[in-house]
Amino acid sequence: MAMVPEDERLVVMPIIDNELIAVVWPEHPLLSMPQPSLADFARHYVLMREPGSGVRNAFEQMAANQQVALPHCIELGTNEAIKGGVMAHLGVAVLPRLAVQLELEQGLLFELGLPDFPIHRSWCTVYTRERLPTPVAELFLSFVREHLPDYRRHFQAPSSPLPSHGVACLPILSS
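Take 1 as the starting number for the sequence shown in our numbering and just add one per residue.
Keep in mind the hints are simulated off the structure, nothing from the lab.
One or more of the hints may lead you astray.
Claimed, not checked - Simulated DEER-style distance windows between Cβ atoms:
(1) Met13 / Gln61: 21 to 29 Å
(2) Ser142 / Glu8: 20 to 28 Å
(3) Met3 / Gln67: 19 to 27 Å
(4) Met3 / Glu75: 36 to 44 Å
(5) Pro71 / His147: 41 to 49 Å
(6) Ala2 / Glu75: 12 to 20 Å
(7) Gln67 / Asp7: 45 to 53 Å
(8) Arg153 / Glu130: 33 to 41 Å
All of these numbers come straight from a predicted model, not from anything done at the bench.
Beta carbons: idealized from backbone N, C-alpha and C, even for Gly.
Go ahead and model the full structure; you've got the sequences and the hints to work with.
Structure (structure tokens):
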């Protein structure tokens, strides 16, 4: 889970940080503003996931706390669709940094510095104290605990292309 309810009956283990950032296309007008605000951001079409999405909930909660209305929203079904929509100049978005890392590195999207951003969340394992994990779930939790340093190192490292596996993707045509 990314947005764990505050409940003492839950056992929560954070796994990795999940920063939510505001993204725009290259040369978006907001990038030339000295200090854009959340209200400036909300004047554009905001591409969002479906109601109940953790990213959407976190962003809407921040907007409500700052008393910023979100009158121009377009709902899309996946983060990939939202990224494509921003790159196609359909609107702006708030997405997990991990979901847009490659596009940021390649200059296809730009992070917009807004006050109170990034929104910090963690991906967590969660279960209730009242119901102990099954043996398989406990094995999974033990595995995650054991490999937590590896996960954190992996997700904090700069992205790099996968090594070549030496297999051609296209059939070799004989002449």
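Hints, verified against the model:
{"no.": "1", "hint": "Met13 / Gln61: 21 to 29 Å", "result": "holds, 23 Å"}
{"no.": "2", "hint": "Ser142 / Glu8: 20 to 28 Å", "result": "holds, 23 Å"}
{"no.": "3", "hint": "Met3 / Gln67: 19 to 27 Å", "result": "holds, 21 Å"}
{"no.": "4", "hint": "Met3 / Glu75: 36 to 44 Å", "result": "violated, 18 Å"}
{"no.": "5", "hint": "Pro71 / His147: 41 to 49 Å", "result": "holds, 44 Å"}
{"no.": "6", "hint": "Ala2 / Glu75: 12 to 20 Å", "result": "holds, 19 Å"}
{"no.": "7", "hint": "Gln67 / Asp7: 45 to 53 Å", "result": "violated, 28 Å"}
{"no.": "8", "hint": "Arg153 / Glu130: 33 to 41 Å", "result": "holds, 34 Å"}
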